[in-house]
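One letter stands for each residue in the lines below.
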Amino acid sequence: MLSHMHKHAEYLDPILSRYQYNAHHLLQILREAQEYYGYIHADAIDYMAQQLQLARSQIEGVASFYSLLYLQPQGEYRVLFSDNITDRMLGNMQLMESMCKELWVEAGKVSEDGLVSINTTSCTGMCDQGPAILVNNIVINQLTKERVSAICELIREHIPLSDWPPEFFAIEDHICKKDILLDSNFKAGSALAKSLRHSALETLQEIKTSKLRGRGGAGFSTASKWEFCRSATGEQHYVVCNADEGEPGTFKDRVLLTSYADMVFEGMTICAHVIGAKKGFLYLRGEYRYLLDHLQAVLHHRRQQSQLGNNILGHAGFNFDIEIHLGAGAYICGEESALIESLEGKRGTPRNRPPFPVTSGYLNQPTVVNNVETFACASLIGLHGGAWYANIGTDTSAGTKILSVSGDCVRPGLYEYPFGVTVAQVLADCGAQNTQAVQISGPSGICVAANEFDRRIGFDDLPTAGAFMVFDYSRDMFEVARNFVHFFKHESCGFCTPCRVGTSLLANMMDKLAQGHGSPYDFAEIEKLNVLLLSTSHCGLGHSACNPVLDTIAKFRPAYDKQLIHKEFIPAFDLDYDLSQARQMTGRDDAGAHLERTNVSK
Amino acid sequence: MFQNKDTYTFLLDGKTIPFTEEQTIIQAAMAAGEYIPHLCFNPEFKPHGSCKICTVSANGRQTASCTQQPQAGMVVESNTPQINGERLALLQMLFVEGNHFCPSCEKSGDCQLQATAYEMNMMSSHFDHFFPDRPVDASHPEYLLDFNRCILCSLCVRASSDVDGKDVFSLAGRGIKTRLIVNAESGRLADTNFSGDDKAAHVCPVGVIIKKRVGFAVPIGQRSFDEHPISFTPHPALKDN
Chain Y
2 MLSHMHKHAE
12 YLDPILSRYQ
22 YNAHHLLQIL
32 REAQEYYGYI
42 HADAIDYMAQ
52 QLQLARSQIE
62 GVASFYSLLY
72 LQPQGEYRVL
82 FSDNITDRML
92 GNMQLMESMC
102 KELWVEAGKV
112 SEDGLVSINT
122 TSCTGMCDQG
132 PAILVNNIVI
142 NQLTKERVSA
152 ICELIREHIP
162 LSDWPPEFFA
172 IEDHICKKDI
182 LLDSNFKAGS
192 ALAKSLRHSA
202 LETLQEIKTS
212 KLRGRGGAGF
222 STASKWEFCR
232 SATGEQHYVV
242 CNADEGEPGT
252 FKDRVLLTSY
262 ADMVFEGMTI
272 CAHVIGAKKG
282 FLYLRGEYRY
292 LLDHLQAVLH
302 HRRQQSQLGN
312 NILGHAGFNF
322 DIEIHLGAGA
332 YICGEESALI
342 ESLEGKRGTP
352 RNRPPFPVTS
362 GYLNQPTVVN
372 NVETFACASL
382 IGLHGGAWYA
392 NIGTDTSAGT
402 KILSVSGDCV
412 RPGLYEYPFG
422 VTVAQVLADC
432 GAQNTQAVQI
442 SGPSGICVAA
452 NEFDRRIGFD
462 DLPTAGAFMV
472 FDYSRDMFEV
482 ARNFVHFFKH
492 ESCGFCTPCR
502 VGTSLLANMM
512 DKLAQGHGSP
522 YDFAEIEKLN
532 VLLLSTSHCG
542 LGHSACNPVL
552 DTIAKFRPAY
562 DKQLIHKEFI
572 PAFDLDYDLS
582 QARQMTGRDD
592 AGAHLERTNV
602 SK
Chain Z
343 MFQNKDTYTF
353 LLDGKTIPFT
363 EEQTIIQAAM
373 AAGEYIPHLC
383 FNPEFKPHGS
393 CKICTVSANG
403 RQTASCTQQP
413 QAGMVVESNT
423 PQINGERLAL
433 LQMLFVEGNH
443 FCPSCEKSGD
453 CQLQATAYEM
463 NMMSSHFDHF
473 FPDRPVDASH
483 PEYLLDFNRC
493 ILCSLCVRAS
503 SDVDGKDVFS
513 LAGRGIKTRL
523 IVNAESGRLA
533 DTNFSGDDKA
543 AHVCPVGVII
553 KKRVGFAVPI
563 GQRSFDEHPI
573 SFTPHPALKD
583 N
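First to last, the protein sequences are chains Y and Z. My numbering numbers the first residue of the first sequence as 2 and each following residue consecutively. My numbering numbers the first residue of the second sequence as 343 and each following residue consecutively.
Hints are not guaranteed to be accurate.
Said to hold, decoys possible - Sample of chain Z residues facing chain Y (criterion: CB under 10 angstroms; computed from the structure):
hint : residue
1    : Gly375
2    : Ser392
3    : Asn463
4    : Ser466
5    : Val499
6    : Ser503
In short, the hints are calculated from the structure, not lab data. These figures come from a predicted structure and were not determined experimentally. The C-beta atom is built at its ideal place from N, Cα and C for all residues, glycine as well.
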């Protein structure tokens, strides 16, 4: 066994030593091991287990949790098609089919020569420039039939990814409407310098005055969170920026980290000053791996400018630095306690709460977890003061909100508005026409129909993490809901019974409806499932898993009714379909080998 | 029993239950001889909170009673038609998720899943069965692993890690593909340091970890839950002590 491990030790040793043989960095170690070797080999697991003093089953347990990590050989080129509904609307399935055909490979499998594997993945955060794919975890956007053919050619010729045409990897910011944040011309260090002229408590007071609320969607008071954490006792305090932007349809954090990274890191530093933290983490979703070098460069520059490190900006004793932690494909890690588990190198399972992260977070120490946009807002408040900020937006929702607009509109991209903007206004600005519905805040959010377009973005009416997906009248809202339900099934962590099994049951019911075997009975079943998931699920994922279906049943009933062939009794299975194996075995496919449809429905 | 001078009480279905600072609702209830249906909870281990069978309404909010700490004067409802209805649905989910053929199962009569299903008057599995493909591991000379019956309670994981210090078992995968694995590259129990003396060998609430060659030593009809329903049967862990 030792000799087997030897070849893996060669590339694992430098990785392990860079992470100080610390098991809390397991996810980073696994990710880097895979970047080197292509997948995580069983002997590599044995070697890591030995060096990190973990059981190999624990390592396997962690690695198998994240969908971008592989324990089996994958294609030399791993192609993953982003499968959000917006990608579907742009024809991703047809493009995937043609790529599979051109490369002679079946979706979900590795080609026989080991050259390529093709599959789908959850939304990659490129909805404004889809359809998108990841090739070996690097993003390529704006796929067309021509681009797919070009990619197939590059793959067949074994051209290294680094030599592919650079325009394939171009990613646009698409900032369509700027307000105080996106139009701030922020100078790195300016907010920090201003904040450091005040005490930590005075800065906290400014945040309180600003009435800033978390931008991840839940809207918890940022000042309260910082205050709870500050007053909690612990050996260390931590600041964590949640950049695991996994909600389908959201991509604003990607743009903020691309073009406004200083504002985000500076907000984290201001938070560190307030709560007394020495260390911060940016939890970056694995799909944004391509941003890593850029973000490291920004951090490096900030260290040079004394905006990070020891005695920040000459402030004796104020020491703080930020580390970037990459995720590996798990939506659930956007939930703050699951994110912390993942930061600690474990499976991303949400914790039992209380205690909350503000008192017991990373390594059970007091930890603030805030959204990317929240930290950027904190920088603005540090610069201009809380009163200035509180004046913008509405009474209960201060400031602005950045929306990630995608779907059926002329100008998809980022739109920043003071809170209180109507859905209709956003639709007019992005050039949407014949709009049937808008999905606010992604699958876990709210689906609004045309008669509700006067509703307003804000914590009182339509709270949102930012997603704003537009559907015109050509779209089938049943298929929209079905796509979302499959997303939840794929992303359920599997910890609690109701969500693990319930999301699969729900997906099966929607598939049954799609195949024409549903009945009104199924609607009652979905309602029941919703009540159960709401009252017994462990976290928000289970709580919201039925939302897209219930919303669309209530508002777009005809889309469901057209799925119903039968109005009363319904067999739970398709007897004729179940005979297909027998037909295959007997080589028959004549009328006599089929059941008549009418027989089935009686 | 409660030496702690700060002893408080809460109401469980109208009964007064004393509790100490360290106890969760189910721990206090169990100490007072009250039954709240549960599967992943075992009084010998730190609560896990995953099966959700022990869900109760605490001051009107539904929560897992194994992880929720009570407050003085808290009104807890457990044995209500609504909550038992939800438990029934969760049990049915566990039944359709795995492959549970009670009549041929060695654990029948001693199985907490089966006994709790009886307790909740489960008459059918209601949902469509998933019929997952879960091979049996008979590699170990003394023990058999039948993953078909696994409900992912992680008691064996916790016992092996916290008590035996061995980490023989782990959970792997995600979502509906979550599965129990053992600590060997081959995936076989025989290639781990598992032993029949391990705590992990004796904590499975269902029939995954089965001792070989003693099958049906106790005839069906004379087993733990044949004698009394699970609500009247002291938890095996409590009975042993």
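Taking the hints in turn, this is what the structure says about them:
Hint status for Gly375(Z) relative to chain Y: violated, with the closest Cβ pair at about 25 angstroms, above 10 angstroms. With 10 angstroms as the threshold, the beta carbon of Ser392(Z) comes within range of chain Y, its nearest partner Cβ sitting at about 5 angstroms, so the hint holds. A hinted interface residue such as Asn463(Z) counts as satisfied when its beta carbon comes closer than 10 angstroms to some beta carbon of chain Y; here the least separation is about 17 angstroms, so the hint is violated. The interface hint given for Ser466(Z) is violated, since its Cβ lies 12 angstroms from the closest Cβ of chain Y, which is over the 10 angstroms cut-off.
For Val499(Z), the interface hint holds, since its Cβ comes within 10 angstroms of a Cβ in chain Y; the closest pair sits about 9 angstroms apart. Taken as an interface hint, Ser503(Z) checks out: its beta carbon lies about 8 angstroms from the nearest beta carbon of chain Y, inside 10 angstroms.
Hints 1, 3 and 4 from the list above are not met by this structure, while the remaining hints are.
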